[in-house]
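J.: Protein chains in written order, with the working numbering: chain A, 99 to 757; chain B, 78 to 177.
Worth double-checking, as some hints may not be accurate.
In silico contact screen, one side only, chain A against chain B (beta carbon under 7 Å); selected entries [to be verified]:
| # | residue |
| --- | --- |
| 1 | Gly733 |
| 2 | Leu734 |
| 3 | Thr735 |
| 4 | Gln736 |
| 5 | His737 |
| 6 | Ala739 |
| 7 | Ile740 |
Sample of chain A residues with no beta-carbon within 12 Å of chain B, all distances over it, derived [claimed, not checked]:
| # | residue |
| --- | --- |
| 8 | Met99 |
| 9 | Ile158 |
| 10 | Arg214 |
| 11 | Thr290 |
| 12 | Val581 |
| 13 | Ala636 |
| 14 | Asn676 |
| 15 | Gln731 |
| 16 | Met742 |
| 17 | Val747 |
Treat the hints as calculated values from the structure; they're not laboratory data. Bear in mind the structure is a predicted one, so any value in this text is a computation, not a measurement. A virtual CB, placed ideally from N, CA and C, is assigned to each residue, including glycine.
Listed here are the chains, written in short residue letters.
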Amino acid sequence: MELQFYHVLIPTLPLIGFLINILLGKEVTRYKAHWPAVLSIAGSWVCALFTLRDVMAGKIIDADLYTWMVSGTFKVSVGFLIDPLTAVMLIVVTTCGTLIHIYAVGYMHGDTGYYRFFAYLNLFCFFMLMLVMGNNFLLLYLGWEGVGLCSYFLIGYFFHKKAAADAGKKAFIVNRFGDFGFGLGVFMVFLTFGTLHYADVFSNVSMIAGQTVNFLGFNVDLPTLIALLLFCGAIGKSAQIPLHVWLPDAMEGPTPVSALIHAATMVTAGVFMVARCNPIFNLSEVAMSTVGIIGALTMFFAATIAIVQNDIKRIIAYSTCSHLGYMFIACGMGAYAAGIFHLYTHAFFKALLFLAAGSVIHAVHTNNIQEMGGLKKYLPITYAVFVIGGLSAGGFPGLSGFFSKDEIIWSAYAAHSPVGKFVWVLGLAGAFFTPFYTFRLIFLTFHGKNRGAHHGSEHGHGGGHDSHGAHQGEHHIHESPKVMTIPLMFLALGAVAAGWVGIPPLLGGGAHFAEFLKPVVGHPEFHASHAEEWGVMALSTSLVVIGLGLSAFLYLRQTDLPKRIAQQFSFLYKVLYNKYYVDELYNYTIIKPTLWIAQKVLVGVTDAKIIEGIVNGVPGAIGQFSQKLRKIQTGLTQHYAIIMAAGAVFVIIIAIFLR
Amino acid sequence: MVPLNWYILLSAAIFAIGVFGFLSRRNVIIMFMSIELMLNAVNISLISFSQYIQDLRGQILAFFIIAVAAAEAAIGLAIVIALFRNKATAHVDEVHEMQG
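Model the full assembly from the supplied sequences, consistent with the hints where possible.
T.: See below:
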């Protein structure tokens, strides 16, 4: 099938929306900036649906639009690869993108940078769609860096706030580390295969199996090297240990940004990339184990941190880290379809959680859940969708999150390898922690008494105060406008039902999702009985229920107990509360030495001595010379006259004697 | 007939007097007069050479110099007056704002 115009329109429409708003936003569109933005992404969504229809009809499109650059044997074209994996990503990006754009109309209402916000959001969608649609590694890289750039813009959107500007920088710099490896990986792909085109690379991939290459003086297995270098990028972009530190800080950005970029789409680019490059990863046992173990460790550590945090968005951010870890577990087990399936369901329930949290923040103007409580009756819709999102995220049976998470835990169990067992145990622990911290969040936010900073529910109107209430006067908690709640309801629908396309055969489903992706990512062979599958499912489900029940017990019944536990285990509590001191570790091992080198060596020596030495030395010398020279100019007419006369005599003498 | 040498000697003598006056005196007016002396010394030599080689162009040049000298004297005296009004002096030693 040829490339159709609506395939090309998918990334082009957001680009047009971006251009309209960035060029005309300040003067023309201004507070109507959402029209081009929302319409363009909605148009992409419609085109994506048509594309999905094509792909479901069994069509796979790999077509070049034009040649981007040629240099010797290096040739890159701008072209699209549209296969089931791309189709899934297109649906995720455009669906979540559209709903979040609509939500942002209400959330960002009245902000001075309204047009700028929508322009960046559109630009982000463009790059994200290029990332998933590109048919070669360079377009992947283009989209990869583009979304990182937009992420930087949007995290630092409130740039007058130092924390936001710093968080933007942090995200960008931390991602540099990962992207450096990713860039090297792309170079290695070109060096090995002589092309960057997916189809050419993946069809020849078997020829590099078992080859070794000299890397920094060691003989390294070539597929392992390429896979691990590519995975470096995924670690940065998808916020895995040890580069996970930027994601929680990224919550300084506006909430729709957190939902779109830092939950539903951009951070999942790493998972997409690993799934896209599965032929390379499949060749390397080491790389696969690394992916799985890093995923499992991130999942576990992020989940434990989330238990004790108090910032509503940070909890969800750690939850995102944790769920991304699940996706990498699946990839590491070779069950890419399960990973992408979790990506797909996660996009809905996590975007929902973020947007619902945004709705809460919109109402109470604080991020601290310790200052909330009892919001259930003021924010009924938000409460309802939050619970749905929480149940789905926690993996409650019947909802989207359950099917995808269960498949991952099952694939880890069924892998029958030591690594598989290890990540399986951690996965089960995550299955317990996830509902626990999610419902801790819900109970602290919506249940109990209002712990608002200024007054509680004893106030006549029974509302918590906006914590910055002073500048707004009386501010009563009220439900968000329809433009925000309606997208929430649609996402809630997705959080419930999106997973139904992947119900495993065991529960009477057809596992359509895995079947759909099979041509791209294959399907691992599991040798395990139905009884085991039932057993694993029952085990993880009971852990979910226990986690939920424990959370309810601690935060609804014995509300003073959590504080006592925290005191009892104060060391553990402190470690978790300070996120395992990873930020501090980096501060002392990387940031401080770097700053020291920058200040003492670069500023102190290179800049102050060498550069300024040259810059100040040259004019200094000239100045001193001219100080001497200016003495000639005495200002006395007679001196000039004598010099003139002497000069004339001199010239005449020369003229006579040199004749 | 007076030989050419005498004219040239006269011209050189007047020019030397002019140079000496210009260098030794401090009064601007005297210095101007010295300049005029030098110019006229040149005029003398021009005219005598013109007479000697029977070419009138030398004399034309002498007239030209007289015209220019007149203009120069007019401007110069104007400057001197302006200077005197500002500084209440005509001594060049006391005017050294341009000192480096």
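J.: Next step is simple, just say for each hint if it's right about the structure.
T.: So, going through the hints one by one against the coordinates:
1. Here the hint on glycine 733(A) is kept, as its CB sits about 3 Å from the closest CB of chain B, short of 7 Å.
2. Among the interface hints, the one on leucine 734(A) holds; its C-beta lies about 6 Å from the nearest C-beta in chain B, closer than the 7 Å criterion.
3. Because the closest C-beta pair between threonine 735(A) and chain B is about 4 Å apart, less than 7 Å, the hint holds.
4. Interface hint status for glutamine 736(A): upheld, as the beta-carbon distance to the closest one in chain B is roughly 6 Å, under 7 Å.
5. Because the beta carbon of histidine 737(A) sits about 10 Å from the nearest beta carbon in chain B, more than 7 Å, this interface hint is broken.
6. The interface hint given for alanine 739(A) holds, since its Cβ lies 6 Å from the closest Cβ of chain B, which is under the 7 Å cut-off.
7. Given hint, isoleucine 740(A) at the interface with chain B, holds; its Cβ is 6 Å from that chain's nearest Cβ, closer than 7 Å.
8. The claim that methionine 99(A) lies off the interface holds: its Cβ sits roughly 85 Å from the closest Cβ of chain B, which is beyond the 12 Å cut-off.
9. Consistency note on isoleucine 158(A): stated as away from chain B, and its beta-carbon is indeed over 12 Å from all of that chain's, at 84 Å minimum.
10. At roughly 57 Å from the closest C-beta of chain B, the C-beta of arginine 214(A) stays outside 12 Å, upholding its exclusion from the interface.
11. Every C-beta of chain B lies more than 12 Å from that of threonine 290(A), the closest at about 71 Å, which supports listing it as non-interface.
12. Here valine 581(A) stays apart from chain B, with its beta-carbon at least about 76 Å from theirs, past the 12 Å limit.
13. Its beta-carbon lying about 99 Å from the closest one in chain B, alanine 636(A) satisfies the requirement of being farther than 12 Å from that chain.
14. Every CB of chain B lies more than 12 Å from the CB of asparagine 676(A), the least distance being 68 Å, so the non-interface label holds.
15. Against chain B, the non-interface label of glutamine 731(A) is violated: not every CB pair exceeds 12 Å, the least being about 3 Å.
16. The beta carbon of methionine 742(A) is not kept farther than 12 Å from every beta carbon of chain B, the shortest such distance being approximately 10 Å.
17. At roughly 10 Å from the closest C-beta of chain B, the C-beta of valine 747(A) falls inside 12 Å, breaking its exclusion from the interface.
Going through the hint list in order, the structure does not satisfy hints 5, 15, 16, 17.
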